[in-house]
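Starting from the given sequences, assemble the full structure and let the hints guide the process.
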Amino acid sequence: MFSTRTYVVGLILCDEGHRLKNCENQTYCALAGMKAQRRVLLSGTPIQNDLLEYFSLVHFVNAGILGEAGEFRRKYERPIVRGRDADATDNEHRIGKEKLEELIAVVSRCIIRRTNDILSKDLPVKREHVVCCPLTPIQRRSVMLP
1 MFSTRTYVVG
11 LILCDEGHRL
21 KNCENQTYCA
31 LAGMKAQRRV
41 LLSGTPIQND
51 LLEYFSLVHF
61 VNAGILGEAG
71 EFRRKYERPI
81 VRGRDADATD
91 NEHRIGKEKL
101 EELIAVVSRC
111 IIRRTNDILS
121 KDLPVKREHV
131 VCCPLTPIQR
141 RSVMLP
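Under the numbering used here, the first residue of the sequence shown is numbered 1, with each subsequent residue one higher.
Since the hints were derived computationally from the structure, they do not count as laboratory data. Keep in mind it's a predicted model, so treat the numbers as computed, not measured. It cannot be assumed that every hint is accurate.
Stated by the list, open to error - Below, computed lysine to aspartate or glutamate pairings styled on EDC-like, alpha-carbon distance capped at 16 Å: (1) Lys75 - Asp50; (2) Lys75 - Glu98; (3) Lys75 - Glu92; (4) Lys99 - Glu77; (5) Lys121 - Glu102; (6) Lys75 - Asp117; (7) Lys75 - Glu102; (8) Lys97 - Glu77; (9) Lys99 - Asp117; (10) Lys99 - Asp122.
Claimed, not checked - DEER-style ranges, computed between Cβ atoms: (11) Ala30 - Thr136: 33 to 39 Å; (12) Ser43 - Thr89: 31 to 37 Å; (13) Glu71 - Met34: 20 to 26 Å; (14) Pro137 - Thr45: 39 to 45 Å; (15) Arg82 - Gly33: 33 to 39 Å; (16) Met144 - Leu52: 47 to 53 Å; (17) Met34 - Glu128: 32 to 38 Å; (18) Leu42 - His93: 29 to 35 Å; (19) Val125 - Ile104: 28 to 34 Å; (20) Ile65 - Leu42: 15 to 21 Å; (21) Ser43 - Val125: 20 to 26 Å; (22) Val40 - His93: 34 to 40 Å.
A virtual CB, placed ideally from N, CA and C, is assigned to each residue, including glycine.
What follows is the structure in structure tokens.
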């Protein structure tokens with residue numbers, strides 16, 4: 001029987017990588033269980049709701065770079081979130097900003113970020129073509145068209 005845990009693949013490439021934001025879902029667990037020389041996630045929206053989701057994405061491509069989830073929460077997430085609270089002290093605000101800068105420095109070793117300003121210069125003009133195709137007889141019957 002073939003097992004993905006037995007073999008090492010060269011590359012795991014996941015488009016819409018932000019779908020792996022929860023390290024407890026089945027897809028994440030299945031892909032994380034595969035041995036790979038390299039892992040790449042492509043996403044237009046890597047951060048959607050919270051920093052722990054971001055941790056899951058970074059952990060998938062470079063396990064351990066941010067420690068384990070509990071360590072990440074203690075070292076980065078809590079100070080950053082606290083520093084952004086409306087009632088944060090000046091010191092909490094400063095610490096949150098420092099931790100955010102530290103987090104950015106760490107993940108910059110495994111993340112390539114391209115903004116729309118950069119991409120729009122290199123991408124060709126989007127062209128959309130609508131092609132109308134008649135339905136086959138079986139398609140017409142299946143949707144009950146006259």
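Hints, one by one, checked against the model:
1. Lys75 - Asp50: holds, 15 Å
2. Lys75 - Glu98: Distance of about 11 Å is within 16 Å: holds.
3. Lys75 - Glu92: holds, 13 Å
4. Lys99 - Glu77: Since the Cα atoms of Lys99 and Glu77 sit roughly 9 Å apart, the hinted pair holds (cutoff 16 Å).
5. Lys121 - Glu102: The hint is violated at about 30 Å.
6. Lys75 - Asp117: Between Lys75 and Asp117 the Cα gap is close to 32 Å, so the pair fails against 16 Å, i.e. violated.
7. Lys75 - Glu102: Cα-Cα ~10 Å, so holds.
8. Lys97 - Glu77: holds, 11 Å
9. Lys99 - Asp117: violated, 27 Å
10. Lys99 - Asp122: This hinted pair is violated, its Cα atoms lying about 33 Å apart.
11. Ala30 - Thr136: 33 to 39 Å: Since the Cβ atoms of Ala30 and Thr136 sit about 37 Å apart, the hinted range of 33 to 39 Å holds.
12. Ser43 - Thr89: 31 to 37 Å: holds, 34 Å
13. Glu71 - Met34: 20 to 26 Å: Given a distance of about 24 Å, which is inside 20 to 26 Å, the answer is holds.
14. Pro137 - Thr45: 39 to 45 Å: holds, 43 Å
15. Arg82 - Gly33: 33 to 39 Å: Check passed, 34 Å falls within 33 to 39 Å.
16. Met144 - Leu52: 47 to 53 Å: Since the Cβ atoms of Met144 and Leu52 sit about 48 Å apart, the hinted range of 47 to 53 Å holds.
17. Met34 - Glu128: 32 to 38 Å: holds, 36 Å
18. Leu42 - His93: 29 to 35 Å: holds, 34 Å
19. Val125 - Ile104: 28 to 34 Å: holds, 33 Å
20. Ile65 - Leu42: 15 to 21 Å: For Leu42 against Ile65, whose Cβ atoms are near 19 Å apart, the range 15 to 21 Å holds.
21. Ser43 - Val125: 20 to 26 Å: For Val125 against Ser43, whose Cβ atoms are near 24 Å apart, the range 20 to 26 Å holds.
22. Val40 - His93: 34 to 40 Å: holds, 35 Å
The structure is inconsistent with the numbered hints 5, 6, 9, 10, although it conforms to all the rest.
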